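In the order they appear, the protein sequences are chains A and B.
Just so you know, the numbering used here puts the end of the first sequence at 426, numbered straight through with nothing missing.
Just so you know, the numbering used here puts the end of the second sequence at 426, numbered straight through with nothing missing.
Since the hints were derived computationally from the structure, they do not count as laboratory data.
For clarity, every value in this text was computed on a predicted model and none was experimentally measured.
Note that CB positions come from ideal geometry on N, CA and C, so glycine has one too.
Worth double-checking, as some hints may not be accurate.
[Unchecked claim] From the derived model, a few chain A residues whose C-beta atoms are all more than 12 Å from chain B:
id	residue
1	Gln18
2	Gln28
3	Cys138
4	Lys183
5	Ser218
6	Asp265
7	Lys316
[As the list claims (entries may be wrong)] For lysine to aspartate or glutamate, the following EDC-like pairs were computed, each having C-alpha atoms within a straight-line distance of at most 16 Å:
id	chain 1	residue 1	chain 2	residue 2
8	B	Lys344	B	Glu121
9	B	Lys261	A	Asp394
10	B	Lys148	A	Asp394
11	A	Lys46	A	Glu33
12	B	Lys186	B	Glu228
13	A	Lys242	A	Glu228
14	A	Lys186	A	Asp122
15	A	Lys183	A	Glu33
16	B	Lys151	A	Asp394
17	B	Lys295	B	Asp272
18	B	Lys409	B	Glu17
19	B	Lys50	A	Asp394
20	A	Lys180	A	Glu47
21	A	Lys261	B	Glu121
22	A	Lys152	B	Asp394
23	B	Lys180	B	Glu47
24	A	Lys289	B	Glu121
25	A	Lys50	B	Glu17
26	A	Lys151	B	Asp394
27	A	Lys178	B	Asp198
28	B	Lys261	A	Glu121
29	A	Lys148	B	Asp394
30	B	Lys263	B	Asp235
Protein chains: 2
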Amino acid sequence: MISVEQALQTIANSAQDFGVEEIPLLQSLGRILKEEIKADRDFPPFHRVAMDGIVIDYSQFQKGQRSFKIEGIQPAGSEQVLLKNPSNCIEVMTGAVLPMHANAVIRYEDIRIEKGVATILLNEICEAQNIHQQGKDSKKGQVLIKQNTRISAAEIGVLATVGKDKVKVAKNPKVMIVSTGNELVDVGAIPLAHQIRRSNVFTLVSLLERLHIPSETAHISDDKWLLKAKVETYLTQYDVLLFSGAVSKGKYDFLPEVLDQLGVEKLFHTVAQRPGKPFWFGKSTLLLASHQDVPLKKEKNQTKNTLVFAFPGNPISTFVNCLVYFYPWYHKSIGLKEEEETAILAEDVSFKPSLTYFLQVTVNCRFGHLIATPIQGNGSGDLASLVHSNAFIQLPKEQAAFVKGAAYKIIRYR
Amino acid sequence: MISVEQALQTIANSAQDFGVEEIPLLQSLGRILKEEIKADRDFPPFHRVAMDGIVIDYSQFQKGQRSFKIEGIQPAGSEQVLLKNPSNCIEVMTGAVLPMHANAVIRYEDIRIEKGVATILLNEICEAQNIHQQGKDSKKGQVLIKQNTRISAAEIGVLATVGKDKVKVAKNPKVMIVSTGNELVDVGAIPLAHQIRRSNVFTLVSLLERLHIPSETAHISDDKWLLKAKVETYLTQYDVLLFSGAVSKGKYDFLPEVLDQLGVEKLFHTVAQRPGKPFWFGKSTLLLASHQDVPLKKEKNQTKNTLVFAFPGNPISTFVNCLVYFYPWYHKSIGLKEEEETAILAEDVSFKPSLTYFLQVTVNCRFGHLIATPIQGNGSGDLASLVHSNAFIQLPKEQAAFVKGAAYKIIRYR
Numbered sequence: 013m014i015s016v017e018q019a020l021q022t023i024a025n026s027a028q029d030f031g032v033e034e035i036p037l038l039q040s041l042g043r044i045l046k047e048e049i050k051a052d053r054d055f056p057p058f059h060r061v062a063m064d065g066i067v068i069d070y071s072q073f074q075k076g077q078r079s080f081k082i083e084g085i086q087p088a089g090s091e092q093v094l095l096k097n098p099s100n101c102i103e104v105m106t107g108a109v110l111p112m113h114a115n116a117v118i119r120y121e122d123i124r125i126e127k128g129v130a131t132i133l134l135n136e137i138c139e140a141q142n143i144h145q146q147g148k149d150s151k152k153g154q155v156l157i158k159q160n161t162r163i164s165a166a167e168i169g170v171l172a173t174v175g176k177d178k179v180k181v182a183k184n185p186k187v188m189i190v191s192t193g194n195e196l197v198d199v200g201a202i203p204l205a206h207q208i209r210r211s212n213v214f215t216l217v218s219l220l221e222r223l224h225i226p227s228e229t230a231h232i233s234d235d236k237w238l239l240k241a242k243v244e245t246y247l248t249q250y251d252v253l254l255f256s257g258a259v260s261k262g263k264y265d266f267l268p269e270v271l272d273q274l275g276v277e278k279l280f281h282t283v284a285q286r287p288g289k290p291f292w293f294g295k296s297t298l299l300l301a302s303h304q305d306v307p308l309k310k311e312k313n314q315t316k317n318t319l320v321f322a323f324p325g326n327p328i329s330t331f332v333n334c335l336v337y338f339y340p341w342y343h344k345s346i347g348l349k350e351e352e353e354t355a356i357l358a359e360d361v362s363f364k365p366s367l368t369y370f371l372q373v374t375v376n377c378r379f380g381h382l383i384a385t386p387i388q389g390n391g392s393g394d395l396a397s398l399v400h401s402n403a404f405i406q407l408p409k410e411q412a413a414f415v416k417g418a419a420y421k422i423i424r425y426r
Numbered sequence: 013m014i015s016v017e018q019a020l021q022t023i024a025n026s027a028q029d030f031g032v033e034e035i036p037l038l039q040s041l042g043r044i045l046k047e048e049i050k051a052d053r054d055f056p057p058f059h060r061v062a063m064d065g066i067v068i069d070y071s072q073f074q075k076g077q078r079s080f081k082i083e084g085i086q087p088a089g090s091e092q093v094l095l096k097n098p099s100n101c102i103e104v105m106t107g108a109v110l111p112m113h114a115n116a117v118i119r120y121e122d123i124r125i126e127k128g129v130a131t132i133l134l135n136e137i138c139e140a141q142n143i144h145q146q147g148k149d150s151k152k153g154q155v156l157i158k159q160n161t162r163i164s165a166a167e168i169g170v171l172a173t174v175g176k177d178k179v180k181v182a183k184n185p186k187v188m189i190v191s192t193g194n195e196l197v198d199v200g201a202i203p204l205a206h207q208i209r210r211s212n213v214f215t216l217v218s219l220l221e222r223l224h225i226p227s228e229t230a231h232i233s234d235d236k237w238l239l240k241a242k243v244e245t246y247l248t249q250y251d252v253l254l255f256s257g258a259v260s261k262g263k264y265d266f267l268p269e270v271l272d273q274l275g276v277e278k279l280f281h282t283v284a285q286r287p288g289k290p291f292w293f294g295k296s297t298l299l300l301a302s303h304q305d306v307p308l309k310k311e312k313n314q315t316k317n318t319l320v321f322a323f324p325g326n327p328i329s330t331f332v333n334c335l336v337y338f339y340p341w342y343h344k345s346i347g348l349k350e351e352e353e354t355a356i357l358a359e360d361v362s363f364k365p366s367l368t369y370f371l372q373v374t375v376n377c378r379f380g381h382l383i384a385t386p387i388q389g390n391g392s393g394d395l396a397s398l399v400h401s402n403a404f405i406q407l408p409k410e411q412a413a414f415v416k417g418a419a420y421k422i423i424r425y426r
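Chain A with its partners taken away, still in its complex shape:
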């Protein structure tokens, strides 16, 4: 049995680059940018009028002139006009190019217009006021968004501004999520007395959807030969297999044996944690000679790597292990650094086993403090308890008593 930290190190070492794909701008929300985005021009690209009003030659104001004949208009989206007579002014609109030979914008609020003449009502104005200078925000060629940024609405706006109607993002791994166990029936079915409905695969699909990773699902009954045949096929087709169940000590927990027979290298099995201890993690490296489904590259023999995350079948165990292990593996694989979040325990907690304890908590924010209140669940089978909390707090195995007011790492799931 290894520690959570050792398990995380092994998983980080198994991070893998799945390449890059180019997708339409509006589909890229939530994905990880895989190119550096530079300013294609200065921003603003011209001296930009920042207020609706008039523009004048500032030196005329300095000389004492207050009334200016309106010579013309400069709307946004029109070519730059010229202030022909320095004693005149031009009406200008927000977003317009600053007219040539003019250098101070006065707001409509600060002028009075009568018979084509604008009179400034202020005693003082500044040169270049209400003008957003060309290149003030960014210079042409400047990096606006770094590679490996998660694309949010803010990045979408910048990508549009620099003309990226297609965006390079991290390609997703191909993921298959498999449930096992003869007690499971479909969601739409009426279970018999000894049966329950499948739920873990859908929880996992949803946890992956949160990362914008699509996935497929399958169910395999507790039959060793069927399990072996199906997993053998999946290993040639998918980058990642997520299992829920069949990894503990039961007579029908065939998965570790089957994976061993299929040459999947076990990297660890069982982690010193609660819930989720019987977690099995391994890696398959297949030599693909000339398999018809796999197009050959230049090399004669290609290898196909598949990672196998085999989570214990209890709902909370599957749930927490996906968050604790799959999430960081994925973030490492795509080059994203996720910031650690911590919260303050709202009450004393005692946990004696020498295991890392992932305790369900409700995290609330009070005056800038994140407060984690433990919620009472009924153990790793009580899926419904997750509805009443929003995070797990990670209590280290070296301690048995955790005092109110101490801060520990949290893992939010909503």
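With chain A's structure known, arrange chain B on it following the hints.
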């Protein structure tokens, strides 16, 4: 000019119920549940074996018996078997129904099996140990998920467990997002010197996608008659119109005038805030007699309500106003209570105008404290600055000095 608080009150009063739709389970992630979810049976639905091992009649152990002949096996997913001879035991698997006449499960780790006989290696065991009692987590009929809950992976699991392959969720409003301004060209185009690319509509689409609201987009040039004709049509077709631009004092800011001509009631225009001050908000109520596109209900005359959020065209103004006004309006409309988040200022801030100040900050978590560090932008036109922050902190207009260490409301956008 009204205050942010007054504006929010007016917007809350305009909240509207858009009804309910039933969608497939896996499409419901992120949506708002519009039915109460009850346990369709006890959970667990039977006394459930919680460990792999054997089950015995506890009274035999009490009498001193330690070795038990294995009489049979109870796998998960099989009908309940019976312990025929109280001196025997049955092998049981996690998830199985507890065999009849047996009441203590001993883990494989705590027994030795030789020649079909299991010997218990413990001196003490408890009655009912390692058994997850029927109904322990939830009783049949108990509410598992309340109405108006946002569906996360946790809820998906519970919904699957109780057999909801279809789920009732809040229907989304039909939203049209419109940009105006002759200076704007398409993302794929090369702008002329005096032009820039459209970006605000895509930012808004993305901010709405974050709420799982699909939307459509359009662009209208600065032509009063065209604007009027298009908006007139939109008012019959959409529940919400979001505009970016054309609401300030410019000669081509026709929107307030056009909306007035079309009978859209102005609820307010300009809010005491920076950025985003010239925000226009109003409501259209059309009497639809027998319009062919609108199926008639029982009443002869139907009304069609449309809300108009007309945001100022500067990128940061549009961005912040969508978060500050559209988001709470939507949450109120679908019945979701969003918890307020606060963060602690990392440095002193001075802001003299009597305006609510939405300051861009980067929020980090340190030992359970949320720390908000202001970032230096170049005003409301500097969209790229949003890439370097993750939230706005809302500084009230009654104050001019905000000291390091004080906590204020934050609005995160990633």
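Verification of the supplied hints:
1. Gln18: Non-interface label on Gln18(A) holds, nearest chain B Cβ at 22 Å vs cutoff 12 Å.
2. Gln28: Label holds. Min Cβ-Cβ 24 Å, cutoff 12 Å.
3. Cys138: Given a closest Cβ separation of 15 Å, the condition holds.
4. Lys183: Per Cβ check, Lys183(A) is outside 12 Å of chain B; nearest 21 Å; holds.
5. Ser218: Given that some Cβ of chain B is not farther than 12 Å from that of Ser218(A), nearest at about 4 Å, it is violated.
6. Asp265: At roughly 7 Å from the nearest Cβ of chain B, Asp265(A) sits no farther out than 12 Å, so the non-interface label is violated.
7. Lys316: holds, 28 Å
8. Lys344(B) / Glu121(B): violated, 54 Å
9. Lys261(B) / Asp394(A): Judged against 16 Å, a Cα distance of about 59 Å means the pair is violated.
10. Lys148(B) / Asp394(A): Holds. Lys148(B) to Asp394(A) sits at ~9 Å (cutoff 16 Å).
11. Lys46(A) / Glu33(A): holds, 9 Å
12. Lys186(B) / Glu228(B): Measuring from Cα to Cα gives roughly 9 Å; hence the hint holds.
13. Lys242(A) / Glu228(A): Cα-Cα ~14 Å, so holds.
14. Lys186(A) / Asp122(A): violated, 62 Å
15. Lys183(A) / Glu33(A): holds, 6 Å
16. Lys151(B) / Asp394(A): Roughly 12 Å separates the two Cα atoms, so the pair holds.
17. Lys295(B) / Asp272(B): holds, 10 Å
18. Lys409(B) / Glu17(B): holds, 11 Å
19. Lys50(B) / Asp394(A): With Cα atoms ~15 Å apart, Lys50(B) and Asp394(A) stay inside 16 Å; holds.
20. Lys180(A) / Glu47(A): Roughly 6 Å separates the two Cα atoms, so the pair holds.
21. Lys261(A) / Glu121(B): Holds, at about 9 Å.
22. Lys152(A) / Asp394(B): Status holds; Cα separation ~14 Å.
23. Lys180(B) / Glu47(B): Given that 16 Å is the threshold and the Cα spacing comes to 6 Å, the pair holds.
24. Lys289(A) / Glu121(B): holds, 14 Å
25. Lys50(A) / Glu17(B): violated, 39 Å
26. Lys151(A) / Asp394(B): Within the cut-off at roughly 12 Å; holds.
27. Lys178(A) / Asp198(B): holds, 13 Å
28. Lys261(B) / Glu121(A): Satisfied, since the Cα-Cα distance of roughly 9 Å is no more than 16 Å.
29. Lys148(A) / Asp394(B): At roughly 9 Å apart (the allowed maximum being 16 Å), Asp394(B) and Lys148(A) satisfy the hint.
30. Lys263(B) / Asp235(B): It holds: about 11 Å lies between the C-alpha atoms, which stays within 16 Å.
When the structure is compared with the earlier hints, violations turn up for hints 5, 6, 8, 9, 14, 25 and for no others.
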